[in-house]
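J.: Sequence:
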Amino acid sequence: MNPNSLAGKYGYLFPELNRLSRAENVITEENVLQPANEGIRKYMDQMCAAHMLPGSEFRGLENAAAFLEAIKSGKRGIILMEHYSNFDLPGLMWLLDQSGETGKELGSHIIAMSGMKLNEENPYVSAFAEAYSRIIIYPSRSLASIKDPELFKAEEKRSRVINLASMRALDRVRREGKAVLVFPSGTRYRPGNPETKRGVREIDSYIRLSDVMMLVSINGNCLRFSEDPKDMLNDVLFEDKVFMTASPVYACDAFREEARKWAGEGADDKKQLVVDYVMHLLGAMHEENEKGRLD
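Heads up, the final residue of the sequence shown is numbered 365 in my numbering, and it's a clean run with no missing numbers.
Since the hints were derived computationally from the structure, they do not count as laboratory data. You may find that some hints are simply not true.
Simulated crosslink set (DSSO-like; lysine-lysine; CA at most 27 Å straight-line) [unchecked claim]:
1. 217 / 145
2. 331 / 217
3. 248 / 361
4. 340 / 145
5. 145 / 187
6. 187 / 361
7. 267 / 361
8. 331 / 267
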């Protein structure tokens, strides 16, 4: 075992995680909405503090403040964020807390959309994820990967039930003034595999059902893939300076129109072009914010 892996460095926490965890590893329509487990959250904050170098910060706090005011006024808000590791959400929440009262308040309003893999594949991965409020979904990519026809039929039925419950939960939390955070790529970016950085078509529906939107780019990464990306506990920890940067607030209807103009008349898939535009803007933000990060 790599001593710098998640399991190698923090395996001593596993008994405590077992004690604190609610152990809802099997997802049904009854438990798709999972509130944060504050007992586990404190350990995640300690891990972020230990691995984010001085100078790490949340940028664009004025944009975050404008987004917060919009959702507090009753607008349905969505945050679309780059995705490099399972530390992305913990890092965002920790950096928001470090940024002052506005950041802390925004963090308290965030509920992340999360794929079932984090809950069902490994109880310790599930326990780490449990630190944050989430709505669990059955991702289309997971369903598409099933080759056995009988298993596919059963899982397709299960996915419909779970995702219907998830959409109901999404509507409920928004009416309570929460902001929903979604990773538009649907998976962590794997270096050398550009397909993992392509936006998922379904993201257009989240945007269409929202009023305001904020993008968040990520520069720096404290948790990186091992030789086996499927083994999340074997991800390797690094110390790094991390910037997370908020875009200005977008009106969602206007953004979708802007995306169509950006794509041009020749674009066939009207939903995919919207998320392609999201990923284009996140890429530009990432490139701009990388300048001088390690100076």
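J.: Provide an ascending list of the numbers of those earlier hints which the structure does not satisfy.
T.: 1, 2, 3, 5, 6
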